[in-house]
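Throw the hints in and build the complete structure from the sequences for me.
There are 2 protein chains.
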Amino acid sequence: MEITPRILKGFRDFLPPAEIRRKELVRILEDSFRSFGFVPIDTPLLEYAEVLLGKGGGETDKQVYRFNDHGGRDVALRFDLTVPFARYMAMHRNELNLPFKRFHINKVFRGENTQRGRYREFTQCDFDIVGTDSVSADLEIVLMITSAFAALQIPGVTVHISHRGIFNRFLQAHQVQDQSVEILRTVDKLRKVGEEETLQTLQTLTSPEIAGKTLAFIGASGSFQEILTTLESLAGGPCPESQTLREIGTALETLVTPGTVILDPSITRGLDYYTGVVFETFLKGAEGIGSVCSGGRYDDLVSLYSKEAMPGVGASIGLDRLLAGLEELGQLPGTTAAADVLITMQDAALTAHYHELGQRLRARGIRCEVYPEAQKLGRQFAFAERKEIPLALVCGLREHQDGTVNLRILETRENHQDLTEEQALEIIHGLLPR
Amino acid sequence: MEITPRILKGFRDFLPPAEIRRKELVRILEDSFRSFGFVPIDTPLLEYAEVLLGKGGGETDKQVYRFNDHGGRDVALRFDLTVPFARYMAMHRNELNLPFKRFHINKVFRGENTQRGRYREFTQCDFDIVGTDSVSADLEIVLMITSAFAALQIPGVTVHISHRGIFNRFLQAHQVQDQSVEILRTVDKLRKVGEEETLQTLQTLTSPEIAGKTLAFIGASGSFQEILTTLESLAGGPCPESQTLREIGTALETLVTPGTVILDPSITRGLDYYTGVVFETFLKGAEGIGSVCSGGRYDDLVSLYSKEAMPGVGASIGLDRLLAGLEELGQLPGTTAAADVLITMQDAALTAHYHELGQRLRARGIRCEVYPEAQKLGRQFAFAERKEIPLALVCGLREHQDGTVNLRILETRENHQDLTEEQALEIIHGLLPR
Chain Z
1 MEITPRILKG
11 FRDFLPPAEI
21 RRKELVRILE
31 DSFRSFGFVP
41 IDTPLLEYAE
51 VLLGKGGGET
61 DKQVYRFNDH
71 GGRDVALRFD
81 LTVPFARYMA
91 MHRNELNLPF
101 KRFHINKVFR
111 GENTQRGRYR
121 EFTQCDFDIV
131 GTDSVSADLE
141 IVLMITSAFA
151 ALQIPGVTVH
161 ISHRGIFNRF
171 LQAHQVQDQS
181 VEILRTVDKL
191 RKVGEEETLQ
201 TLQTLTSPEI
211 AGKTLAFIGA
221 SGSFQEILTT
231 LESLAGGPCP
241 ESQTLREIGT
251 ALETLVTPGT
261 VILDPSITRG
271 LDYYTGVVFE
281 TFLKGAEGIG
291 SVCSGGRYDD
301 LVSLYSKEAM
311 PGVGASIGLD
321 RLLAGLEELG
331 QLPGTTAAAD
341 VLITMQDAAL
351 TAHYHELGQR
361 LRARGIRCEV
371 YPEAQKLGRQ
381 FAFAERKEIP
391 LALVCGLREH
401 QDGTVNLRIL
411 ETRENHQDLT
421 EEQALEIIHG
431 LLPR
Chain A
1 MEITPRILKG
11 FRDFLPPAEI
21 RRKELVRILE
31 DSFRSFGFVP
41 IDTPLLEYAE
51 VLLGKGGGET
61 DKQVYRFNDH
71 GGRDVALRFD
81 LTVPFARYMA
91 MHRNELNLPF
101 KRFHINKVFR
111 GENTQRGRYR
121 EFTQCDFDIV
131 GTDSVSADLE
141 IVLMITSAFA
151 ALQIPGVTVH
161 ISHRGIFNRF
171 LQAHQVQDQS
181 VEILRTVDKL
191 RKVGEEETLQ
201 TLQTLTSPEI
211 AGKTLAFIGA
221 SGSFQEILTT
231 LESLAGGPCP
241 ESQTLREIGT
251 ALETLVTPGT
261 VILDPSITRG
271 LDYYTGVVFE
281 TFLKGAEGIG
291 SVCSGGRYDD
301 LVSLYSKEAM
311 PGVGASIGLD
321 RLLAGLEELG
331 QLPGTTAAAD
341 VLITMQDAAL
351 TAHYHELGQR
361 LRARGIRCEV
371 YPEAQKLGRQ
381 FAFAERKEIP
391 LALVCGLREH
401 QDGTVNLRIL
411 ETRENHQDLT
421 EEQALEIIHG
431 LLPR
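Here the protein sequences come in this chain order: Z and A. Its first residue numbered 1, the first sequence is counted upward by one per residue in the working numbering. Its first residue numbered 1, the second sequence is counted upward by one per residue in the working numbering.
Mixed in with the good hints there might be a few duds.
Chain copies aren't distinguished; within one or between two, either way the pair holds.
Within a straight-line C-alpha distance of at most 35 Å, the following computed DSBU-like cross-link-like pairs (lysine-lysine) qualify [unchecked claim]:
(1) 213 / 107
(2) 9 / 307
(3) 23 / 307
(4) 307 / 376
(5) 23 / 107
(6) 107 / 9
Hints listed in this document are in silico derivations from the structure and should not be mistaken for laboratory results.
Have a look at this one:
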């Protein structure tokens, strides 16, 4: 009896073109992180539920894949890369050198609603600097974001930055700090629900006057330094937090292309977790998909597991969302060709010859596939075209005896006949993009 | 209340040096597969239990992480990459171009005994050619194995190859084909239990005469072609299966270094799954850890899900076992340095300058880390040494005003003073291995 082949809702198979692109994107990101001295780590997909959920509660719990294993242990699949990182730092802090910079790109699981392009298995890409509260680390995370997107060759990326502390001072100056959590959440939704609804909610939470001032605060405009001055005056004057932003803003003037990093006080990040700078990142033309890289500074990563505090700053790229955005913009990097050259098979008796030819081409940096059966050439050419392989080599008994090959450019159907292998290599190298 | 940070038995955290090596190894393998036209795929970690276990039964079932999800679905974590590949091919055969060559490197889960270096979460690396039963595909998998290990620059790798079909003919010739499963399993354990115990078990299963002949069969020695002739005579003469081996052996004479691929009739692979060529791969000097890459030809990948048969040939590298073997041999590839250069911080007022310097070095291909706090230089040098960073740049207020930097080679404690940035770059490029 046959079983119907199917996969779970919210989970995905990746066909080769999609997986080639994902891997290419991940490699570029990894190289970019490594160029800054961030190093990779990995943690188990499955952990003790207590370790992952101790802090959690609320919404996250219901979304977690949790069960009892063979030994009766209460276990769960990780739902993000932050909690495992906290557990990791608490366990391994003495084996690592602080300040510690790591990246982690891997899958996480959430059994949430699968509407609106959300998946139950998706890839996160986190990078953090922990064990320091220096402005240099805040600056470096911003630089890391802009450099990573530059490496991906995505034009029109803007990083929106703000500071939780200044907003808190503003709330204190107007004596609404007790509503801070609700106000933060309301402001965080501004982009989604619009100004009018935000104003109404803020009026309900505070007063018409403070609601108006809050909108003035989060809507401040001008250059980085102009906005900063507005914020300072609304928040009761300069403060250490505004000084941090000023230093970052000044340093960025020489470090990034103007307009790449924007001071945007409407960025607050809904989570209580953040205590300092916060940022979100948008793709020009695909702002609708939301932030593709978000993060901020936090006071203590390991509070759940240890008394010894560990401050840090970090950000996370949602790889699936980023890919969706790039696809929308037609800016997916790289090629999805299965190989550079198809070595066609004209005669099975020449099998060893085709594979020798393949090995010689590979030694010269050419990706090549040997067709495994002696079928009609037209069928083999069509096979190459469907796999986006741009070139085909043809060699029958006569060519083998003469020591020659024929090269076909599939797109133009142009044929180069009776080439020596060196001549063929020269033409191939001239035609390939890299 | 604090939670004790801990991980599940059989699961592992990877510290940066280990993860750097794993990623390096995976990249080399990926590049090697891509050079042959194998393309990557990915499948969900979690699947319907029925889809994964339909065929299984027996031992595997007990080892599978299986539970009911929020929607009451009976789900399981994948325990290998073969069953998901079969399901994938049954679902997507019309979207793919046959013959299809894929690789898949990812984690699998088995709740088995954790003794003897076995893990409950480990990485497999599978590669297969499906949709063809040609000898060319069999040959290519062998070539792929030797090329992948060559790319890893591991000396002394031998691929042991045999053919199930010839062994079956031998069993038929002696009318013991009904004991074939038991005999195959017995022979498969030869390496573990030794010749004497194997002979005893075979005598119990068959007769003293046939047991002796079986040992003669699996112990045949000489060159590839000599062994093949012995096997043919013991199995009742030449047959299509021995012809396949002969073609492969002849082709390999020009394709691989002599001695790299050995005809070894003691290789049978215990699994019923295989029907043609079978292979195992051993590291010279670390044979004790067993085969690091095994596989073979099968008649039908998708029989569980579809009536339309799909033959194929493939192999799997056990990444954890391979790494263990390489570590044992002291042959782990690559370096585990966190960066090439540490840009030390002498004065926090120069933070932007240090990051600018960092960006210029990165643009020239140098991995560099900026130390985020203005601490004592000795402490920053020690930090670099612990992270295997070989070089440090030092720049204080005076050097900044003069437009110079100092370069320190950490291993020798040699200092190059008052260099221009170009001079420093030249020295750095000269010192780095790549």
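Q. When no copy is specified for residue 213 and residue 107, does a C-alpha distance of 35 Å or less occur within a copy, between copies, both, or neither?
A. Classified as neither; 42 Å inside a copy, 52 Å across copies.
**Q.** Intra/inter-copy verdict for residue 107 and residue 9 if alpha-carbon distance must be at most 35 Å
**A.** both (16 Å within a copy, 21 Å between copies)
Q: If the cutoff is 35 Å on CA atoms, where do residue 23 and residue 107 land: within, between, both or neither? Let me know, please.
A: For residue 23 and residue 107, both the intra-copy (13 Å) and inter-copy (16 Å) Cα distances are at most 35 Å.
Q. With identical chains treated as interchangeable, where does the CA-CA distance between residue 9 and residue 307 reach 35 Å or less: within a copy, between copies, both, or neither?
A. between (41 Å within a copy, 25 Å between copies)
Q. At most 35 Å between C-alpha atoms: does residue 23 with residue 307 qualify within a copy, between copies, both, or neither?
A. between (39 Å within a copy, 33 Å between copies)
Q) How would you label the pair residue 307, residue 376 (within, between, both, or neither) given a Cα cut-off of 35 Å? A) between (72 Å within a copy, 27 Å between copies)
The structure fails hint 1 only (numbered hints given earlier).
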